[in-house]
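K.L.:
Using the sequences and the hints, build the whole thing.
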Amino acid sequence: MGTLYLVATPIGNLEDISRRAARVLSEVTRVLAEDTRRTVVLMDHLGLRVPLVSLHEHNEAARTDKALAWLGAGEDLALVSDAGTPLISDPGERLVRV
Numbered sequence: 010m011g012t013l014y015l016v017a018t019p020i021g022n023l024e025d026i027s028r029r030a031a032r033v034l035s036e037v038t039r040v041l042a043e044d045t046r047r048t049v050v051l052m053d054h055l056g057l058r059v060p061l062v063s064l065h066e067h068n069e070a071a072r073t074d075k076a077l078a079w080l081g082a083g084e085d086l087a088l089v090s091d092a093g094t095p096l097i098s099d100p101g102e103r104l105v106r107v
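10 is the number of the first residue of the sequence shown in this note's numbering; add one for each residue after it.
Source of the hints: derived by calculation from the structure; they are not laboratory data. The C-beta atom is built at its ideal place from N, Cα and C for all residues, glycine as well.
What follows is a list of derived Cβ distance ranges for each label pair:
1. Ala92 with Glu36: 18 to 26 Å
2. Val49 with Asp85: 18 to 26 Å
3. Pro19 with Gly81: 25 to 33 Å
4. Gly83 with Val105: 12 to 20 Å
5. Gly83 with Gly21: 30 to 38 Å
6. Asn22 with Ala70: 30 to 38 Å
P.N.:
This is how it looks when you write it as structure tokens:
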């Protein structure tokens, strides 16, 4: 069974990301992102090329099932929001509750 990491992202300045958050993002197999267009900016800033998977209100049910399958296969995943800590008015609650 893999691990799901909830990773807080900077609200403003990309330099505000913690070293631990950057390390986790570099070590996971995939990053589940509310808006991949915004997350790719952060990943580019960090020089990371980890696959991004969209997870938003319109695909949350299907993506949750897929994420559970990845976790069950032993993959480590990160869940990020557009800015700040995931699950504060963001998709992903369904996945975390499981």
